[in-house]
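Chemist: Given the sequences, and given the hints that come with them, work out the whole structure.
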Amino acid sequence: MLFSCKDEKMEGVEVESSFVNFEINAVPYAKLSTYAFFTGELKNLTPSSKVIPYEPASSLFTDYALKKRFIWMPQGVKATFDADDKTLNFPVGTVLIKSFYYNTVQPNNTTKILETRLMIRKSTGWIFAEYMWNDEQTEANLVTGTDFTSGSSKNLTFKKENNEVINIDYRIPSESECYACHKLDNKPVPIGVKPQNLNTTYSYSGGVKNQLQKLVDEGYLLSYPSNIVSTVNYKDTSKPVDIRLRSYLDINCAHCHQQNARCDYRAIRLSFSQTTNLTNMGVCVLADEPQGPSLEKIITPGNHNKSVMSFRLNSVDESNRMPLLGRTIVHDEGVELLKQWINSLNQNCP
Amino acid sequence: MRKKLSFFVLLSNITWGIAQLTCASAVNLTVGTYTAPAVTGTPPSTVCNLGTLGSAAVWYKYTATANKTVTVSSVVTGQNVDTRLMIYSGSCGALACVAANDDSSGTSSMVSFGAVAGNTYYVVFDNRWSSLGFNFNVTESAPVINRLSFTSQPVTVAGSYNNCVVDMNGDYLDDIVSVVNNTQIVISYQKQGGGFNDVTYTVPNTTILPSWSIAAGDYDNNGFNDLMYGSGSGIAFLKSSADGTAFIADRKPQSFLVQRTNFIDINNDGKLDAFVCDDNAPNRYYMNDGTNMNHNQGGMGDFPSGGNYGSIWIDYDNDGDMDLYIAKCSGGGSGPGGNIDELHRNNGNGTFTNVALAANMANPTQTWSAAWGDFNNDGWMDAIVGINATTNGLSKVMKNNGDGTFTDKSVGSGYDIVNASSREYIAYDFDNDGFLDVLGAGNTIMFGNGDFTFTPNASTYNVNATKRPIGDLNNDGFLDIQNGNTIMMNAGNTNKWLKVTLKGTQSNRNGIGARVEIYGAWGKQIRDVQSGTGFGNMSTLNAHFGIGQATAITKVVIKWPSGIVDTIYNVTPNTTLNVVEGSFLNTREVQTTQEIFTIYPNPSDDIINFKSKNDFTPTEAKVYEMTGRLVLQTKVERNSISIKQLNSGIYMLVLTDKNGKTYSQKLTKK
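Line by line, the protein sequences are chains A and B.
Quick note: the numbering used here has the first sequence finishing at residue 350, numbered continuously throughout.
Quick note: the numbering used here has the second sequence finishing at residue 670, numbered continuously throughout.
Simulated from the structure, these hints should not be mistaken for lab results.
Any given hint could be a false lead.
Said to hold, decoys possible - To list a few chain A residues with every Cβ distance to chain B over 12 Å, as calculated:
#1 Val27
#2 Thr138
#3 Leu142
#4 Thr144
#5 Thr201
#6 Pro225
#7 Ser226
#8 Ile228
#9 Asp242
#10 Ser294
#11 Val335
What the hints assert, rightly or not - Listed next, the stretches of chain A that the computed footprint assigns to chain B, with coverage defined by at least 3 CB atoms under 8 Å from CB atoms of chain B:
#12 31-41
#13 149-159
#14 176-185
What the hints assert, rightly or not - Not close to chain A: a few residues of chain B, all C-beta gaps over 12 Å, as computed:
#15 Arg128
#16 Ser149
#17 Val199
#18 Ser233
#19 Phe352
#20 Gly563
#21 Tyr600
#22 Pro603
#23 Asn609
#24 Gln633
#25 Tyr651
Don't be surprised by glycine CBs; every beta carbon is placed ideally from N, CA and C.
Modeler: Structure below.
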């Protein structure tokens, strides 16, 4: 057994001993194994000491890939809280580690790790490092030079939770595509590690704990307030549909659709902290690119078929689909959530 | 009285209950109020730009007794039914979309359309949103005077990538290219006498599709155009064989988010190269070494995070080489933004310099394309920088001052009051009045008045938002718009026109990058031959001019990328002039052909005689077909030649004297 992947959470036993090998002027290393982020067989992704797993309340959809995320910081430095909806202020030397894998690769439902993406906080700012796993799953190698100037793809057949078998060209991003999403005020930034997304519990080897508290306990975070306005897991049907959708839009769309980001020239503002305002969500707002007389508003209350947002989430045409990057197939659950929310609206547009 | 009326309506319902369920049994409409029953009839076969068709419809028809504006409306006080309305012309077996509407007011629909006397129009409501019955009314008003009308004509197209109109078989008639999937394309070849011959080709796997853009050009100079697909993961070439009936795919390994693509001879070696906008990084280009298209990045728009959407190639400084304008769009933040448009001057040595700031073209406008053309016929290329979002201002009308700078003429231009946005902005003379127009935002054409003011058509057009390539699809000299499975066939007017088609010999075969000038009563008009205008479409490579009511074209000049200049005098309006590079050299510009010599008889069935003036004594004659093919070459003896061997038709005669001086004249064989 490689690892247990239920709920994309790490439930393995934390292995002590090994320490991370990190020399800030030498990274990114040519091989993922060199960092010693993981102990034992690399493909098990068993974290070394002080490599802490985390998971945002809602996850970005990337063609149904499963993900494991870890954070590591050098000794003696701490992150600080900025705002509920702003990435933590991470110290130089922080590394965010995110591996993308499938555990239903056909024909035998095998597990395959495709890539591990690092964001490393250097004194000059964040850098991106992309590692592609070999077929033997024994090592992941740094993508460099023209291979990182352009992206690439891996053809893959996997089974969805609903047992549908699909074939995709899984996208390995180029450096500039990393930046396209991880860009705010023309600087590279992490996306998921905002207090609003981490203010949820996680099942650590030592027990269940609030993720922000865990970071404090590990000495990784100075402190955090008790009244964080937080996102939820969009899959959690016990939560109100509007909060679920707003959480989904935040993690899937807001990195571009916010002020000073890639798509801030569009009217919508999809950060969780902005979507209490229905106009920011696009309700009754005329799209910049109407798709015809029947598809003019971003959201038409009560009718998802008349809503451009729904059209774009349902599209796989590269020049129509949203999100623009990181998705080649439709996210059925996301589309359904949006539909539910649109159909729950009943106001008349002026 | 009220009671009686209700009774009457009820009766009518009963009568029509069965009637309006099919096209064939469509109920006649005149001015009045009608009650449509539950929507349970047969739906139309084509949706009229409304997305997904409903599963049922009700049918009515209106036959115009005079030219009228007809308005059909379900906007009725107190009624709250979510209707959808389509108007078709044609016949039940071949419906052509005229207009459509969904939500005019609330969820009710309203359409006004220009009805032409004698024509029948089908009025169809579908049940996409509601199957409930509803009331609607029909009113008539005076006909709106449209600047230009288009007639919808159905066309068989395949697949959903319908964004390419260009000649594919070397006859200079625009064809329709439909990309179906990775291994199939359909070319609808325009037939000489009109109509199309659809041919399906199985092609080697291109891996990707032209999801963002398509461009055409003959990059191996074999007489048949090749294609370039631009996708979210790089490009692929599809190269035509020597007879144009088979294709080779060349999928390039570089994977990146492509926007506009162009064929253009970047280093002016006579072979087309490929330019590719990168959305997220510095632009890419593939240099043609005669065998391979080799990847390059850097030097032609290097903003680190890209923002490159619409690359438009024009010679803005009239120095004979093509310069690169990049329409840019990007988000904000501190520091320089990727949304600042760029203008790269071709230094003539394979390098380019961004001169946008000095030229006053470094606009922050959020734009995906710009329509370049000489809007005031002063011989310099101007630009309409078209918006895709209003965030950084509206579209800009930029006048080329002829000194390397541009002046913003937006105020009062008509564009200063347009909030609608689009990906696609292109400049053509749609009404052949001699002034360039712009097909852009708002489902209309902005008709150019020649003075940087523009007037929209009185009614909007039912045109696809993104896929709308341009060409002359019935070879009548008026430009048409392909709109998916409908051609908006230009209804034309009495204005006259000229089409100029090129065959490069030293330059690339298409003559892409050539400057075409025509002279006459209007002064001078210019076009640059471009592959890839607007954002995602490929439109005709034939240079098209309207000349209004002028009756004479005194001179046509082709300035080829090679430096060769061909000059043709006295070209007949309403014709297509085919020019082979170098066929009309060394002509003297100061004297018109007629002053030099006359030919007689013309038309002739055998001997033609020349009467020369001045010092011109022809020694050799060449006769070309209008396609540019040489059909007769002979010595001139006793100032005459025989054209007996030629088939009936119009030819171009080129005479050369012992000093190499050349004069040309059109000639008709009986």
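Chemist: Does each hint fit the structure? Answer for all of them.
Modeler: These are the hints, each one checked on the structure:
Listed as a non-interface residue, Val27 (chain A) keeps its Cβ farther than 12 Å from every Cβ of chain B; the least gap is roughly 21 Å. With a closest Cβ-Cβ approach of about 25 Å to chain B, Thr138 (chain A) is found to remain outside the 12 Å limit, as its non-interface label requires. Listed as a non-interface residue, Leu142 (chain A) keeps its Cβ farther than 12 Å from every Cβ of chain B; the least gap is roughly 18 Å. With a least beta-carbon separation of about 15 Å from chain B, Thr144 (chain A) lies farther than 12 Å from that chain, consistent with its non-interface assignment.
Consistency note on Thr201 (chain A): stated as away from chain B, and its beta-carbon is indeed over 12 Å from all of that chain's, at 35 Å minimum. Listed as a non-interface residue, Pro225 (chain A) keeps its Cβ farther than 12 Å from every Cβ of chain B; the least gap is roughly 27 Å. The beta carbon of Ser226 (chain A) sits about 32 Å from the closest Cβ of chain B, which is more than 12 Å, so the claim that it is off the interface holds. With a least beta-carbon separation of about 26 Å from chain B, Ile228 (chain A) lies farther than 12 Å from that chain, consistent with its non-interface assignment.
Listed as outside the interface, Asp242 (chain A) is consistent with that label: its C-beta sits roughly 23 Å from the nearest C-beta of chain B, beyond the 12 Å cut-off. With a least beta-carbon separation of about 4 Å from chain B, Ser294 (chain A) fails to lie farther than 12 Å from that chain, contradicting its non-interface assignment. Remark: the non-interface label on Val335 (chain A) is consistent with the geometry, its nearest Cβ contact in chain B lying 15 Å away (cut-off 12 Å). Note: the segment 31-41 of chain A has 0 residues with beta-carbon separation from chain B under 8 Å; the three-residue rule is not met and the coverage is violated.
Closer than 8 Å: that is the beta-carbon criterion, and the segment 149-159 of chain A has 5 residues meeting it against chain B, so the requirement of 3 holds. Counting residues of the segment 176-185 of chain A whose C-beta lies closer than 8 Å to any C-beta of chain B gives 7; at least three are required, and the coverage claim holds. In this structure Arg128 (chain B) is not separated from chain A by more than 12 Å, as the shortest Cβ-Cβ distance comes to only about 7 Å. No beta-carbon of chain A comes within 12 Å of the beta-carbon of Ser149 (chain B); the shortest separation is about 20 Å.
For Val199 (chain B), the condition that its CB be more than 12 Å from all CB atoms of chain A holds, with the nearest at approximately 25 Å. Under the 12 Å C-beta cut-off, the non-interface status given to Ser233 (chain B) relative to chain A is violated; the minimum distance is some 6 Å. For Phe352 (chain B), the requirement that its beta carbon stay farther than 12 Å from each beta carbon of chain A is met, with the minimum near 20 Å. With a least CB separation of 36 Å from chain A, Gly563 (chain B) remains clear of the 12 Å interface cut-off, as annotated.
Chain A leaves Tyr600 (chain B) outside its interface by the beta-carbon criterion, the shortest separation being 59 Å against a cut-off of 12 Å. No Cβ of chain A comes within 12 Å of the Cβ of Pro603 (chain B); the nearest lies about 52 Å off, and the non-interface call holds. Once the 12 Å rule is applied to beta carbons, Asn609 (chain B) is consistent with being away from chain A; the minimum gap is 61 Å. Every C-beta of chain A lies more than 12 Å from that of Gln633 (chain B), the closest at about 51 Å, which supports listing it as non-interface.
Here Tyr651 (chain B) stays apart from chain A, with its beta-carbon at least about 46 Å from theirs, past the 12 Å limit.
In summary, the numbered hints that this structure violates are 10, 12, 15, 18.
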